[in-house]
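J.: So the chains spell out like this:
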Amino acid sequence: MVEAAVAPVLELDGVAKSFGPVAALRSGSLSVRPGSIHALVGENGAGKSTLVKIVAGVYRRDLGVLRLDGQDVDFGSTAESKAAGIAVIYQEPTLFPDLSVTENIFMGRLSLGRGRRIDRGAMYAEAERLFKGLGVHIDPRRAARGLSIADQQIIEIAKAISMDAKVLIMDEPTAALSGVEVERLFAVARGLRDEGRAVVFISHRFEEVFALCDTITVLRDGEYVGTRPTADTSVSEIVGLMVGRQVGDLFPKTPAEIGAPVLQVEGLTSAGVFHDVTFEIRAGEIVGLAGLVGAGRSEIARAVFGVDRYDSGTVTLHGKPVPARDPRAAIRAGMAFVPEDRRKQGLVTDASVAHNVAAVIRRGLSRGGVLTRGAESRAAGPWAARLEVKTSALDMGAATMSGGNQQKVVIAKWLATEPSLLIIDEPTRGIDVGTKAEVHRLLSDLAGRGLAILMISSELPEVLGMADRVLVVCEGRITADLDRAHATPEAVMHAATNVLEAHR
Amino acid sequence: MKAEHVATVDEPLREALLVEPSALSPTRRVLGEMLRSRELSVGLALLVVVAAATLRHHTFLLSSDSWRDLLLTPSILVVLAVGQGVVIITRNVDLSVGSTLALTAYLTGRLFVDNPGLPVIGVFVIGLLVGAALGLVNGVLVAFGKVPALVITLGTMYIFRGVVLTWAGSNRINASDMPKGFLDLGTRQVLTIPVLTIIALVVLGAVGYYLHTARGGRELYAIGSDPSAAELYGLPVRRRLLAAFMLSGSLAGLAGVLYAARYGTVSSGAGSGIELQAVAAVVIGGVAIFGGSGTVWGAALGAYLLLTINRALPILNIPDFWQQAVVGALIIAAIVLDRVLSVRRERLVIEARDAS
Chain A
0 MVEAAVAPVL ELDGVAKSFG PVAALRSGSL SVRPGSIHAL VGENGAGKST LVKIVAGVYR
60 RDLGVLRLDG QDVDFGSTAE SKAAGIAVIY QEPTLFPDLS VTENIFMGRL SLGRGRRIDR
120 GAMYAEAERL FKGLGVHIDP RRAARGLSIA DQQIIEIAKA ISMDAKVLIM DEPTAALSGV
180 EVERLFAVAR GLRDEGRAVV FISHRFEEVF ALCDTITVLR DGEYVGTRPT ADTSVSEIVG
240 LMVGRQVGDL FPKTPAEIGA PVLQVEGLTS AGVFHDVTFE IRAGEIVGLA GLVGAGRSEI
300 ARAVFGVDRY DSGTVTLHGK PVPARDPRAA IRAGMAFVPE DRRKQGLVTD ASVAHNVAAV
360 IRRGLSRGGV LTRGAESRAA GPWAARLEVK TSALDMGAAT MSGGNQQKVV IAKWLATEPS
420 LLIIDEPTRG IDVGTKAEVH RLLSDLAGRG LAILMISSEL PEVLGMADRV LVVCEGRITA
480 DLDRAHATPE AVMHAATNVL EAHR
Chain B
0 MKAEHVATVD EPLREALLVE PSALSPTRRV LGEMLRSREL SVGLALLVVV AAATLRHHTF
60 LLSSDSWRDL LLTPSILVVL AVGQGVVIIT RNVDLSVGST LALTAYLTGR LFVDNPGLPV
120 IGVFVIGLLV GAALGLVNGV LVAFGKVPAL VITLGTMYIF RGVVLTWAGS NRINASDMPK
180 GFLDLGTRQV LTIPVLTIIA LVVLGAVGYY LHTARGGREL YAIGSDPSAA ELYGLPVRRR
240 LLAAFMLSGS LAGLAGVLYA ARYGTVSSGA GSGIELQAVA AVVIGGVAIF GGSGTVWGAA
300 LGAYLLLTIN RALPILNIPD FWQQAVVGAL IIAAIVLDRV LSVRRERLVI EARDAS
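So the protein sequences, as listed, match chains A and B.
Heads up: the first sequence begins at 0 in numbering that gives the first Met the number 0, then just goes up one per residue.
Heads up: the second sequence begins at 0 in numbering that gives the first Met the number 0, then just goes up one per residue.
Mixed in with the good hints there might be a few duds.
[What the hints assert, rightly or not] Taking beta-carbon pairs under 10 Å as the criterion, some of the chain A residues facing chain B (in silico):
#1 Gly56
#2 Val87
#3 Arg144
#4 Ile257
#5 Ala270
Keep in mind the hints are simulated off the structure, nothing from the lab.
These figures come from a predicted structure and were not determined experimentally.
Glycine included, each C-beta is placed from N, C-alpha and C at the ideal position.
Model the full assembly from the supplied sequences, consistent with the hints where possible.
T.: Given below as structure tokens:
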């Protein structure tokens with residue numbers, strides 16, 4: 000696309016993939032030449048991972064062209080994509096915890112010795128050679144269970160290298176690596192490039208993208224935005240392409256009167272998950288918790304609500320301490336929690352709307368331990384009406400509703416407990432654009448009535464548009480506390496990624 | 000997670016937590032792993048039970064009949080536990096093996112009744128094939144239907160049993176229906192070792208060797224360890240699951256033939272409840288119930304421990320109720336032990352990593 004001199008080894012054009020009504024990728028295009036390191040950038044949810052999974056054969060595309068070496072291909076399974084010479088390192092390492100490091104590297108193509116027996120000696124030697132090339136010391140005989148994410152990532156990389164692939168795709172391989180390890184990885188990537196292989200590199204860290212890659216392709220909202228040679232572009236141009244829209248218009252946050260502190264969290268620490276987390280939220284305030292996937296945002300929220308344990312620190316609501324590990328006490332104290340995966344954790348999808356809405360206040364509704372359908376409907380009615388849940392009747396099953404309406408039912412369920420703090424994790428994940436705005440309007444409206452809201456979101460525009468204040472989490476620590484005026488995409492991105500460099 | 004942080008961790012775990020290559024020689028490491036293995040502790044428990052019972056009543060071990068019984072009684076369960084072990088390693092379970100055993104045991108008798116001249120080897124081949132076919136039914140439903148194996152095999156357990164009940168009715172096969180050469184297999188010994196035990200050990204050896212040294216064997220472990228990762232790796236998951244269920248089915252078929260030879264009489268109720276004994280043996284023997292780890296050696300030892308305890312407890316004057324309870328306690332202890340060890344280890348790993 001940029002230099003037509005060399006034919007691209009991997010080519011995608013107008014590739015689309017939807018999950019039910021939600022389009023994860025609308026029109027993904029990418030053209031990777033051999034002997035090149037190609038960066039694929041975009042915000043969380045821009046469709047990068049979906050694109051990778053289509054190339055890897057995990058998903059089948061709905062539309063569009065996928066070419067390898069100029070041939071149209073259609074991968075029905077990961078085995079086919081592998082056989083065609085594509086190796087993928089996923090964001091989350093996918094290892095077999097019970098098997099040895101070496102077996103993890105060679106699984107699916109274990110080397111055979113005499114009599115079709117697997118040749119462990121040869122594989123150990125080969126694993127040691129690979130690790131030496133990567134400059135790491137990992138025992139090839141130990142089990143993969145208990146390895147740090149960084150070590151697991153190294154094993155993924157060793158696996159990809161040993162496959163001798165012509166296209167290597169790395170989906171945020173550096174997220175968990177230290178400085179030395181990143182340098183090593185880069186050396187390996189450059190080595191592969193010089194051998195004439197194509198490398199696709201996905202990262203949120205611009206300094207890495209600019210240091211390593213020769214070409215950058217930007218995706219936004221599931222669509223191809225543009226491709227630039229690294230030499231002719233700048234960080235600000237790329238960020239501009241990534242963000243690309245007027246933040247304020249899409250997400251209307253009406254100013255609300257900020258009142259007294261509602262939630263105060265002090266020094267919350269859980270070993271290996273998050274450290275020394277301190278913040279407060281005031282009445283009428285929406286605080287956004289931003290950060291990269293896996294930074295520990297949801298874990299912090301779950302600990303505050305008392306679902307997960309924590310080692311030290313305190314949570315106070317209206318000045319009164321909230322006991323740890325006791326969600327019921329948190330609900331009584333006035334907290335409400337809308338989890339990330341609403342189908343699994345927030346909604347009884349097989350039950351009716353009324354049943355769902357009344358779920359948390361059931362104890363209050365029952366008379367002598369007996370709960371009638373009528374009592375449920377009477378209690379649920381006003382809430383569903385206020386939230387404009389579009390279901391013809393409260394008896395309708397929750398499973399058949401759209402994502403947006405499901406989310407409203409979950410919110411209605413919690414509002415029925417009359418909370419003073421609402422924690423909401425990924426409020427609009429899997430919700431189509433039109434309904435997104437409705438959920439946002441609802442949140443804004445609730446803040447206007449004096450509710451304190453802690454909103455976790457991976458979608459930067461959503462955080463910037465909705466939040467009065469943005470807390471940025473990076474590797475389990477709060478690395479920035481930005482008010483609305485100072486919360487720019489650059490500042491948030493910086494805080495979400497940059498502390499890593501500082502720690503190195 | 001570097002060596003100095005790991006130093007605070009207690010001794011036996013140090014090796015397991017080490018990321019960097021161990022300084023120990025491979026031989027010593029293998030030795031160390033064996034010393035910590037479940038197989039060894041189950042084996043020791045077995046020895047303790049035998050020793051305790053023998054001290055109480057020296058005839059428990061020290062007579063030619065009881066030596067034979069010690070080896071012979073668990074042989075059929077060993078065959079079933081090997082098949083069950085393979086299935087559980089893939090994070091599935093096969094509850095239909097008891098009914099498959101009954102079906103092939105009755106079939107064996109009928110074959111001899113209807114074809115008096117049938118060679119003994121013939122019933123073995125037919126038993127294995129019928130068992131494999133029944134296993135294939137399970138495998139197809141689990142691998143292609145994506146229905147949990149617990150549900151599928153619970154269903155086929157009742158269906159296969161229903162077939163036997165309908166077919167056999169109140170009839171039973173008696174020893175007089177079967178040739179003497181066949182029945183002799185159930186009692187004959189070679190160098191004091193019963194033939195049935197030798198067959199069970201050959202099966203155990205072959206399957207154990209396959210799991211350890213063949214690609215397919217290691218892939219079974221991989222599938223059980225993380226089924227979704229196995230898909231991402233492009234492993235032939237369906238084919239392997241089919242093979243695992245067919246193996247379990249054909250071993251249950253073999254066990255049915257052995258059952259007919261050993262007991263001489265077969266009714267429609269043969270082997271009911273034995274599928275749970277097989278699962279118990281596998282769990283006691285250290286195969287993780289969620290798959291991915293453990294060996295069939297352990298499963299076989301578990302079968303020996305289970306049935307030897309059953310025989311030893313009456314000799315130790317322990318009442319019936321407690322005999323059942325001891326078996327139950329053993330199963331729970333095995334699972335709790337696994338859980339406690341893995342939780343403890345995970346905590347240590349996290350602490351070691353946080354400290355670094």
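J.: Taking the hints in turn, state whether each one holds.
T.: Quick rundown of the hints versus the structure:
The criterion of a C-beta within 10 Å of any C-beta in chain B is met by glycine 56 of chain A, whose closest approach is roughly 8 Å, and the hint holds. Restraint check, valine 87 of chain A versus chain B: the minimum CB separation of about 8 Å is within 10 Å; hint holds. Evaluation of the arginine 144 of chain A hint against chain B yields a held restraint, the C-beta minimum of about 8 Å falling below 10 Å. With 10 Å as the threshold, the beta carbon of isoleucine 257 of chain A stays out of range of chain B, its nearest partner Cβ sitting at about 36 Å, so the hint is violated.
With its C-beta approaching chain B no nearer than about 5 Å, alanine 270 of chain A sits inside the 10 Å limit, and its interface hint holds.
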